[in-house]
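Asker: If you're matching them up, the sequences are chains S and V in order.
Sequence positions in the first sequence follow this note's numbering and run 22 to 135.
Sequence positions in the second sequence follow this note's numbering and run 2 to 385.
If you are wondering where the hints come from, they were derived from the structure by calculation, not from laboratory data.
All residues carry an ideal CB built from backbone N, CA and C; glycine is no exception.
Among the hints, a few may not be true.
Said to hold, decoys possible - Incomplete in silico selection of chain S near chain V, CB under 7 Å:
1. GLY53
2. THR57
3. THR69
4. VAL71
5. GLY72
6. TYR73
7. ALA103
8. PRO106
9. GLY130
10. ASP133
To be verified - Derived contacts from chain V toward chain S, CB cut-off under 7 Å, selection only:
11. GLY94
12. ARG95
13. GLU99
14. ALA101
15. GLY102
16. VAL107
17. ARG176
18. LEU178
19. ASP179
20. GLY180
21. GLU196
22. PRO211
23. LEU214
24. VAL320
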Amino acid sequence: MRRVRLISLLLCCAPFALSAQQPTTPHDSVRGAIRTVDVHARTLEVTTGVGYALRVVRLQVPAGVPITDRQSAQPQLIGLAALQPGDVIRAAFGGRPTGFVAYTIERVGRMDQP
Amino acid sequence: MIRASIAVLAVWSAVACSRAPKPGEPLKGLSAAERARFDSGRAQFAASFTPEQGLGPLFNGRSCAECHEDPVVGGAGDEVEHHATAFHPEAVGRKCDELAGLGGPVFEDSVTPALHAALNIEKEPVPPEATATAARTTPDILGFGLLDAVPDSVILSYADPDDSNHDGISGRPNRFLDGRLGRFGRKAFVPNLFEFNAGAFSAEMGITSPSVLDEGTVAGKPLPAGTDPARDPELSAHNLELTDAFVRLLAPPAPQRLSGEASHGRDVFKNVGCANCHIPTLRTGDNPIPALSHKEVTAYTDLLLHDMGPDLADICFGVATPNEFRTEPLMGLRLGSQFLHDGRAKTPEQAIEMHGGEGTQSRDRFLALSAADRAALVAFLKTL
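Here chain S stands alone, though its shape is the one from the complex:
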């Protein structure tokens, strides 16, 4: 009986556990300049905004998220460590209870070298 209760509890919790792993809709996107890159923690901070109303978006970048360098004629996949402050990126992301998680990241230029 106790075992059945435990299984029932797990079944009840499973959907929530799964949803915690999947980014929730709606998806969002950001285009801006990288402020910081933390390769160890696999996080990025991107400064974006409208006019003088500026905001920082903090993104988790799980291993396996494609990061594409579109600055050259032949786009190529690069690692998180290749990104640096001042790179202009476009990122698609979604929300999780732990924060925003990137789906895709594209490096499209640099602020000072458009």
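Following the hints, position chain V against chain S.
Answerer: This is chain V only, laid out in the frame that chain S set:
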């Protein structure tokens, strides 16, 4: 008698039609629909907000016109606001941090009663991470629609970042966070007028809109519960667009007729090198609004950044270093009562004397002029 009356009427009509707009009036040649949007936008520009309507909880003014008021709605103001950023010249990659995650770059000088009650603050605190603060006066925004309509290619045609012609002038473009060319603001950070206006609703009045949906933070910390009672967006897309239409369609102050002295002063202005950065006219490109399309604007700016020397330096912004400022448009100079980005100069002469960096040669030539030539140059400036 009738013939004479018709002649008088014809002359009056011709004069009225050819008369340049006065400050605060719209551009000539607007359609009826554009004129109606200008008038409605003017009312929105002047509308004052309360906390219940979305004001704050951090703000610099209660309405656009509270600051942009002198001598007309859309003009300059005596208010001074404060910006702060962090400049790290040794950093790899970006050297400027606009402190966006800590409430920057605009640190508002006023708070609503609810925020005051929650945090016991009088204004948004500048974080210790800031390396410099800057005072910014309120400029007039007359003619900004024409500046917005100048193609990027025109601005970039004046850039000479490496001073390849060895004239001591090396204008370079600023860039927004996404790499677009900047042109608005004292550091030429903001790419276009609509974003400048939408951002101002947020940064200057704490008003959210469909362009800026969140309130931001108080120096990086979330707003305390109950301090922002109005539902977001606090400004509708329609009212934001009307406000933008008013600003966009404001006519620039028309240069006044030159006296003999001022005419000579215009020549002196060119001869001492002022016109190397204060480019007399820019030409707009294709624009859906005919009154903005392919027009000459006597703006006296190149909309580029120039090193103005260490004495004027304050904050970095985008790729602009603390020393670099956008060439200030001189159109409407006669309407101003304080000069330079922070109002430290009380006369045009003082402003010229405070030029450093790339402006040093021209300043020194100005200082070496005869008293008559200096007076002529200033007389010319006061016609703009």
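Asker: Now tell me, hint by hint, if it's right for this structure.
Answerer: Hints, verified against the model:
1. At a threshold of 7 Å, the smallest CB-CB gap from GLY53 of chain S to chain V is about 5 Å, leaving the interface hint in force.
2. A cut of 7 Å between beta carbons decides the hint on THR57 of chain S: the least distance to chain V is about 9 Å, and the hint is violated.
3. This hint holds: THR69 of chain S has a C-beta 6 Å from the nearest C-beta of chain V, less than the 7 Å allowed.
4. Among the interface hints, the one on VAL71 of chain S holds; its C-beta lies about 5 Å from the nearest C-beta in chain V, closer than the 7 Å criterion.
5. For the restraint placing GLY72 of chain S at the interface with chain V, the shortest Cβ-Cβ distance is roughly 2 Å, inside the 7 Å limit, so the hint holds.
6. Checking TYR73 of chain S against chain V by beta carbon gives a least distance of about 4 Å; that is within 7 Å, so the hint holds.
7. Of the supplied interface hints, the one on ALA103 of chain S is violated, with its beta-carbon coming no nearer than about 12 Å to a beta-carbon of chain V, more than 7 Å.
8. Hint on PRO106 of chain S holds. Least Cβ distance to chain V is approximately 3 Å, under the 7 Å limit.
9. Taking 7 Å as the C-beta contact cut-off toward chain V, the hint placing GLY130 of chain S at the interface holds, the least distance being around 5 Å.
10. The interface hint given for ASP133 of chain S holds, since its Cβ lies 5 Å from the closest Cβ of chain V, which is under the 7 Å cut-off.
11. For the restraint placing GLY94 of chain V at the interface with chain S, the shortest Cβ-Cβ distance is roughly 3 Å, inside the 7 Å limit, so the hint holds.
12. Because the smallest distance between the Cβ of ARG95 of chain V and any Cβ of chain S comes to about 4 Å, under 7 Å, the interface hint for this residue holds.
13. Hint status for GLU99 of chain V: holds, given a least beta-carbon distance of 5 Å to chain S, under 7 Å.
14. Because the smallest distance between the Cβ of ALA101 of chain V and any Cβ of chain S comes to about 4 Å, under 7 Å, the interface hint for this residue holds.
15. For GLY102 of chain V, the suggested interface contact is upheld, since its CB lies about 4 Å from the closest CB of chain S, less than 7 Å.
16. Using the Cβ-Cβ criterion of 7 Å, the hint placing VAL107 of chain V at the interface with chain S is satisfied: the shortest such distance is roughly 5 Å.
17. Checking ARG176 of chain V against chain S by beta carbon gives a least distance of about 5 Å; that is within 7 Å, so the hint holds.
18. Restraint check, LEU178 of chain V versus chain S: the minimum CB separation of about 4 Å is within 7 Å; hint holds.
19. The beta carbon of ASP179 of chain V is positioned within 7 Å of a beta carbon in chain S (closest approach about 5 Å), and the interface hint is therefore held.
20. A distance limit of 7 Å between C-beta atoms decides the matter here; for GLY180 of chain V the minimum to chain S is near 4 Å, and the interface restraint holds.
21. The beta carbon of GLU196 of chain V comes within 5 Å of a beta carbon in chain S, closer than 7 Å, and the hint placing it at the interface holds.
22. Violation of the interface hint for PRO211 of chain V is found here, the shortest Cβ-Cβ separation to chain S being roughly 10 Å, above the 7 Å cut-off.
23. With its C-beta approaching chain S no nearer than about 10 Å, LEU214 of chain V sits outside the 7 Å limit, and its interface hint is violated.
24. Because the closest C-beta pair between VAL320 of chain V and chain S is about 5 Å apart, less than 7 Å, the hint holds.
When held up to the earlier numbered hints, the structure conflicts with 2, 7, 22, 23 and fits the remainder.
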